[in-house]
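As a plain string of letters, each chain reads:
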Amino acid sequence: MALPTYADPLERAWHYAYLLICGLIFLFLIAPILVIIPLSFNAEPYFTFTEKMLTFDPEGYSLRWYDALVSVGMQAPDAETGWWADMWRNSTWVRAAKNSLIVGFWATILATVLGTLAALGLSRPEMPYRRVIMAVLISPMIVPIIIIATGLFFFYSNPCSILATSCGKLTSTYTGIVLAHATLGIPFVIITVTATLSGFDQSLIRAAASLGANPRTTFFKVVMPLILPGIISGALFAFVTSFDEVVAVLFIAAPDQQTIPRQMWNGIREQISPAILAVATILVVISIALLASVELLRRRSDRLRGVTGR
Amino acid sequence: MTDATAPLTTTDGRPLKAALAAAGARARRRALFLVLPLLIFVMITFVIPIGQMLHQSFYNPYFSRNAPNVAAWFAGNPVGTEPDEAAYAALAEDFRAMQAAKTAGEAATRVNYTLPETRSLITKTARNAGDLAPPYKEAFLAIDKKWADPAVWQAMRSSSTAYTSDFYLIAADFERAADGTVQKVPDKQRIYVKLFIKTFILSALITVICLLLAFPIAHLLATLPMAKANLLMILVLLPFWTSLLVRTTSWIVLLQQKGVVNETFVALGLVGDGNRLNLIYNQTGTIIVMTHILLPFMVLPLYSVMRVIPPSYARAARSLGATSWTTFRRIYLPQTLPGIGAGALLVFILAVGYYITPALVGGADGQLISNLIDFHMDKSNWSLAAALSALLLVGVLLLYWLYDRLVGIDKLKLG
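As they're listed, the protein sequences go chains A and B. Using the working numbering, you'd call the opening residue of the first sequence number 1 and step up by one each time. Using the working numbering, you'd call the opening residue of the second sequence number 1 and step up by one each time.
Since the hints were made in silico from the structure, they are not lab data. Remember, it's a predicted structure, so these values are computed and weren't measured experimentally. There could be a bad hint or two in this list.
[Stated by the list, open to error] In silico lysine-lysine, BS3-like type, Cα no more than 30 Å apart, as pairs:
| no. | chain 1 | residue 1 | chain 2 | residue 2 |
| --- | --- | --- | --- | --- |
| 1 | B | Lys188 | B | Lys198 |
| 2 | B | Lys102 | B | Lys146 |
| 3 | B | Lys198 | B | Lys146 |
| 4 | B | Lys379 | B | Lys146 |
| 5 | B | Lys411 | B | Lys102 |
| 6 | A | Lys52 | B | Lys258 |
| 7 | B | Lys411 | A | Lys221 |
| 8 | B | Lys17 | B | Lys188 |
| 9 | A | Lys169 | B | Lys379 |
| 10 | B | Lys379 | B | Lys411 |
| 11 | A | Lys169 | B | Lys184 |
| 12 | B | Lys411 | B | Lys184 |
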């Protein structure tokens, strides 16, 4: 934003003050995320910058918290042979990461497939009751998570109680967690895919049909490639939602079904150690990668749909 | 020339109107068919569980099903009837059954919700149910004098039906007096309404702070050239994509007594080493961290509205002699109102139901209503947790409905 030439000194001063204020707000947004990265390399068990860190003394930095992170739960963290197998099988955080990835993967698949189908239906001009249905499908994002978790806690203890029969439990099962996380991810898929479809030129479908393509061919050859970036962004959103979800897991999972957010939750509640910062740093790196992919996808989608700019 | 009065038909001779209607119905069915799998899925994993939870808020059979005889006596005698020998006899019968089935605990818990400190009375009586012999009234009073208290009988009366409004009364800080009338609980015990009000006030405060912080940067982003704006936008979107627990962790690290912020203040001499600021594990911590987490939800709708405001309006105002302040107040601000409304409603809705951040950094005075629901779930006081959830849910759904009316959920954008 350039300053107009007719600005008087007061406006000039205000303009620079305004830029400073904006800078401070951006700092407020980003500093908390960046500050933990150097702190996770602290050689001391403190949560602040030591003298040595500030003078960039290599002795002030170490990888000890990353080491601690991996060795928690391992049977022989100092063994020479079988270290990798031991880590893969026993390290607490590695196991939590595996659980998070498995749950996130299936929840994403479920949310993306069902969500994309629904978004295709919702985007058709002849869709009846669109407003109500859309409101219901987006509501998992709006309803407080504690209410959802409480509801699932009762429901999962006997999912068939509404049919007045009994059919086992969903509490303490991975299926239960996957279903819950898929539900939480669905609004994001619906929002991103319908946004992509809103710019979709419906005459392309008629063009494909007039050239002799059947509805299936039209979908896979014409519609799908155009909305794929939107679907992938939605899937990434759904995955991140599951990967970061802790409340439902606390309510419905068994104590030994640990995920990364749950481990972090326990770590923060009990005794916060710098090892948590090491996990946090890894997660920040992952979120930077995800953000970059979504940005690239968005640009690709805009280009494909012939939209320029934002 | 065709006859103008003959109805239009398709090539196979059907009236065009009917054919169009059939085609329209088919298209509607097809669209609905695509949505149906997800709708069924969300019904099963979301709508039914919440419905069941709401059912718990007014359905609690733990006393009524264990004490059917005294429940029948209550049903046959109006409120305020002095318990006679028949009532005590029915109760004795129930106590013997409870002792045999070992269910006195759950029955006692139910009555205890309505009248605190009756749990031990009931479990004690159930333990001594073998001593109960006619005349029953004297036998009960021999076990505990409290059995003569009409409040105990009133509590049992309101527990004696499986469907009850008791938990909503508790959640709204009301209680039933001994004669069955509804009254407010004493001032000191009114915790629930106070916490609801506090949750709303804190959420409103966080919404206002978010608006004040989001407005300048959204304006900057909207007026910068696209390439620069996209670059700066990353600073807004990165927090959005970063794990909530990571952001909470970093704020704990920054704000604690020996954290970065306090160390910096001490080093700069702003505060003494002895009186470091308490910025976390209290209400201040909740406000700071929630503001940080919800800020992107305010920036994004504001930005999308501000970006399409033509700069020529402001220039026209200036050329007509308006000062920059007048231009902002009379020309620019009114045009951003849709964005302000959308952002503020969204942030407020999300803040009202917030759970994770207050639980981790709220300490004692930074807890919100969600945390109290969790507290009662933890204590297995499910009906009260469900009643509180129901009240919160009604509030959130009202706001959601308002959002849909004013903004439209299809306008919701993520990045």
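For this session: Please flag the earlier hints that this structure goes against, numbers listed from lowest up.
Result: 3, 5, 8, 10, 11 and 12
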